[in-house]
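Asker: The primary structure of each chain is shown beneath.
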Amino acid sequence: MAWNIGANDTANSIGTSVGSGVISMRGALVRICIFDFLGAVLFGGYVTKTIGKGIVSLDKIPSSDLVVIGALSSLLGAGMWLTLATWRGLPVSTTHSIVGAVLGFGLVAAGWQGIKWSVMKKIVASWFTSPIAGAVVAFLIYTLLVKRFVLKRAKNVKKTERVFGYLQVATAMYVGFAFGSNDVANAVGPIYMILTYSGAEAVNPVGLLALGALGIILGAVTWGYKVIETIGKKVTEITPTRGFAAEFSAASVILVASAVGMPISTTHTIVGAVIGVGFARGIKALNIGMIYRILVSWFVTVPLTAIFSVAIFLLVRAWLGV
Amino acid sequence: MIEKEAIALIWVMSIGIAALLSSIMLVHERTQNWSERKIVFVSAIISLIITASVVFR
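Keeping their order, the protein sequence lines are chains A and B.
Quick note on numbering that gives the first Met the number 0: the first sequence kicks off at 0 and runs consecutively.
Quick note on numbering that gives the first Met the number 0: the second sequence kicks off at 0 and runs consecutively.
Because the hints were derived from the structure by calculation, they are not lab data.
Since the structure is predicted, the reported quantities are computational estimates derived from the model, not experimental observations.
No false leads were slipped in.
Calculated cross-link-like contacts (lysine to aspartate or glutamate; reagent style DMTMM-like; alpha-carbon spacing at most 25 Å):
1. K157/A <-> E28/B
2. K158/A <-> E35/B
3. K154/A <-> E28/B
4. K151/A <-> E35/B
5. K151/A <-> E236/A
6. K225/A <-> E236/A
7. K157/A <-> E236/A
8. K154/A <-> E35/B
9. K151/A <-> E28/B
10. K121/A <-> E4/B
11. K120/A <-> D58/A
12. K283/A <-> E236/A
13. K115/A <-> D58/A
14. K146/A <-> E236/A
15. K283/A <-> E228/A
16. K158/A <-> E236/A
17. K146/A <-> E28/B
18. K158/A <-> E28/B
19. K154/A <-> E236/A
20. K157/A <-> E35/B
21. K146/A <-> E35/B
22. K157/A <-> E228/A
23. K115/A <-> D64/A
24. K121/A <-> D58/A
Throw the hints in and build the complete structure from the sequences for me.
Answerer: Here's what the structure looks like:
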């Protein structure tokens, strides 16, 4: 799961930097691995993270064995979808993948009343608020600050682009750090829960976080290039000024949303931001076909991961006779 | 985790202020001929000072 998270989500932080040519793919991956690792190990915070955003009332599941099987099914179900999405170069939300998978096993194990539908409503709302917020803020920053104030007045456009290139990389490092600290829990949180429920004597939290962080780095280095190319090159043309506007907008939206407790998806926000800066140059600057494929992948994430998770849950349950 | 939120706020605020300062330097007649490294370096230093004075006052 950590490998999948690294392969699909690393693009959120370095996709625009690679797409604008500010940094090479190799250079970006080396830098982002450092910040991902630091964010994950120093601020992983997996202990308090509920699996799948607490969408299932675990006390309504008849036995702890089913909880363990469910956690395993969720990881595998979400992982299957993420592998498929990454293979197609589609940036999807890893959090929503886990949520969908947990929802699936929760419906089977705990029934309709075992699901906290109020949590699900907030997650569905974030499908719309995340990309729209990212797009609007990025559009405004690029149009008002960059295009009208700087690019129109600056004597040397190439120098302007290089200056914003530095700022873009600094922002990308922040997004990588934040991504590492938030997303590692999606991978190791369920493992911690499985170990706890199965009565493991001692669980080394730092060891788990480091393992998760290594998995994320491995995923980024081996397969991250697919989604990086989508975000960096296939939605719209990215330059350092546009890339900075997109990354900084996404970082700001995520920061504010986290502060006010609004559910937000990093992936949806950054893709929305990239669309926003592209739209600032007109609709023809956008690759509508690619955007359509991305939107479809977002809408099928929860139902598909639920189906995968249910199938694995039922198979394992039947096999073990639980 | 308060430390994580503080780091996030400082990091994002610093970059935002640095971007504003860099934009001004790129168009102002006194600084528009500076090299890009000098512009970024000076913006970064000033933004860190401003951010630190706001966050830690």
